[in-house]
Structure formats: C-alpha cells, structure tokens
Amino acid sequence: MPALLRVNPTRMELTRIKRRLVTARRGHKLLKDKRDEMVRQFILLIRENDRLRREVEKELTLALGNFAMARAVTEPELLEEALLCPARSIRVDMGIRSVLSVRVPTLRMNETGQETTLSYGLAETSAQLDGAIESLAELLPKLIHLAEVEKTCDLLADEIERTRRRVNALEYVMIPQFIETIRFITMKLDENERGSLTRLMKVKDMIEQRAGNG
Amino acid sequence: MAEITMGAVGERDAVLCFKAVGMTVIPTTTAEETTRALFTLSRQGVRVIFITENAAKQAPEAMERYRGDPQMAIIPIPGSTGAGGYAMARVRANVEKAIGADILFSNTDRQKEG
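Residue numbers (this note's numbering), protein chains in the order written: chain A, 28 to 241; chain B, 326 to 439.
Looking at chain A on its own, in the form it has when it is part of the complex (with noise of 0.2 angstroms):
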C-alpha cells in the first residue's frame, strides 16, 4: 500500500491533488510514449552498431596486423620518419541532432589532400606498410560512422534508463499516492460531513424534546 501525502484533509487540498493527478497521467502516458519510441530507435541503432563495429574490429585488426609486420621489418627511426608528416590531414564536421529532445552527435567526414595516402617514399619502406595504410584510409568513413552510430547509442542507452525510472516512479509511487490521498481526504470529509449532520439532528431532537417538555 502506497504512503500517503501528509496533507491537511481540507476540500482545497483535494482539488489541487485531483489536479495532479489528471497531470502525473498525463505525463506517464507521454513519458511512456516517448520510452517506447526511443526503444524503438534504439534497437535499430544498436543492430547498426553491432554491424559495424563487427566490420570494424575485423578489417582494422588485418590492418594492424600489416601494420606490426611492417614494424618487424623496418627500422623504427626510418618508421617515425615516414610517419611523422601525414600526406593528408583528415577533417570531420559535427554537428547535433535532437533525436527526441535527445542531444546526438553527426559526423560528417570531409577530407583534404585525398589523392595521396602515403606521406613517404617508397624506397625504405615495405610494402606491408603501404598496404596497412591504405586500408587504414578506406575504412575511415566506416570509422567515423561507427563514432557516430556508438555515440548515438550511449546516449540513447541513458536517456532510456532515465526514462524507464521515472514511468516506473510515476506508475508505481507518484500516481497511487495520489490515488490514496485522495481516496483519505474524501473519507475524512464524508465523515466530517457525517459527523456534522449527526450532530445536527441530535441537537435538532433536543430542541424538539425541550419544546415538546416547556
């Protein structure tokens, strides 16, 4: 049994939690809505996700695989040298969507310098090495989208749990307390009522009893 609100059993009392109530259902059914919609989305997202991120880790693991041979097999000074000024600079636009009332991320990837991946020559480095950076350079765009789709996810993860607590607080303690609580000041004010009307007809019989006497 829910508690009740401790409140004076008073008509204006029962009126303003009548009025809260009509809102906390309100509320729990918008609430509900927007948890089932963002649910929704939700699970949409994360099949995404665990799609990509499958695609991910395999093309990226062959990719640094390559990139640990070319390391077994050249100098790590002739390395650091061929790496230290890359050939392109990436660059990524984000921006924020509201996927209800939900702040997301959107990355949007826009390169310069795209012709050329290999920032070095080709003499004193080995072929393992281009071929890890290459590949490195094609998966970017599935990079991006997995930091994005990820993001999305982690968010929306939250924001579920947050709502999921607060249709439960109002389904099961906001909405019954109200419900008790008003429930308790229309009895208490029934019995008043009944109190007060009992009292009047006693005192109705006394008067008649006293006429009738005088």
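These are calculated hints, taken from the structure and not from any lab test. Each hint should be verified, as a subset may be incorrect.
To be verified - Beta-carbon label-pair distances, calculated as ranges:
1) B:Ala418 / A:Leu71: 17 to 23 angstroms
2) A:Glu207 / B:Gln369: 39 to 45 angstroms
3) B:Ala327 / A:Val66: 26 to 32 angstroms
4) A:Leu224 / B:Glu421: 56 to 62 angstroms
Said to hold, decoys possible - For lysine-lysine, the following DSS-like pairs were computed, each having C-alpha atoms within a straight-line distance of at most 27 angstroms:
5) A:Lys215 / A:Lys231
6) B:Lys422 / A:Lys169
7) A:Lys61 / B:Lys382
Yeah, the Cβ is synthetic: ideal placement off N, Cα and C, and Gly gets one too.
Position chain B against the provided structure of chain A, taking the given hints into account.
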C-alpha cells in the same frame, strides 16, 4: 556544423598507424598516461578519440567522464593484438541498460554456437 579533428590513444604499435591518416596521436602505456592523453586531446579540441581496448580498460573513469557529453566521442578499437571483446561488451551493456536484458545478441550468439 563545426569542423573537428580526430585522435588516437593507446599502444604505440596500434596508434602510430593512425598518424599516417592525419589523426593526432598520443602513444600511452600506463593508466595515468592514458587519462592525461584523453584530457590533453579534449583540451586541444579533438572531439573523436579512438582508444585501444587495453588503454580503455586502464582508464574507465576518464571514459565515463565523457560518456554524457554529446560533443565528445571516445570509441574503443582493437589493439595490435586484436579485439579482446571489451568494445562488444560495452555494446551489450548498452542493450542491457536500455532494454533490461540482452535479448538482441544472445540469440545470434546461440545460433553461431549451434
């Protein structure tokens, strides 16, 4: 839309490769270095940071700190030794958090095992 840069943090073997494609790279080995690298990159305005799984495991507080920020994405990637399952575990944790149980991927795993 604002233009941002990207970065990579983690073991030298894995992140050096990202330098060739134009990212800001900070190689790290310890938890302290990783945390410091994440803060440094975020101060420099790097908004998307790829972090190797091993480094991410070392600095959970720093990862959690930026979780609620929509303008900062820290994404775990496999290190030079391959994927250890940390990133996939995060995806599953998100499903459990949002839906209450891992009902999406438990079926696919069972199908694969079968």
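Against the structure, the hints:
1. The given range of 17 to 23 angstroms is respected by alanine 418 of chain B and leucine 71 of chain A, whose C-beta atoms sit roughly 18 angstroms from each other.
2. At roughly 56 angstroms, the beta carbons of glutamate 207 of chain A and glutamine 369 of chain B sit outside the given window of 39 to 45 angstroms.
3. Distance hint for alanine 327 of chain B and valine 66 of chain A: a CB-CB separation of about 30 angstroms, consistent with the stated range 26 to 32 angstroms.
4. Under the hint 56 to 62 angstroms, the C-beta atoms of leucine 224 of chain A and glutamate 421 of chain B, about 59 angstroms apart, fit the expected range.
5. For the given pair, lysine 215 of chain A sits about 24 angstroms from lysine 231 of chain A by alpha-carbon distance, which is consistent with the 27 angstroms threshold.
6. Proximity of lysine 422 of chain B to lysine 169 of chain A is assessed by CA-CA distance (about 25 angstroms); at most 27 angstroms being required, the pair is judged to hold.
7. At most 27 angstroms may separate the alpha-carbon atoms for a hinted pair to count; lysine 61 of chain A and lysine 382 of chain B exceed this at roughly 34 angstroms.
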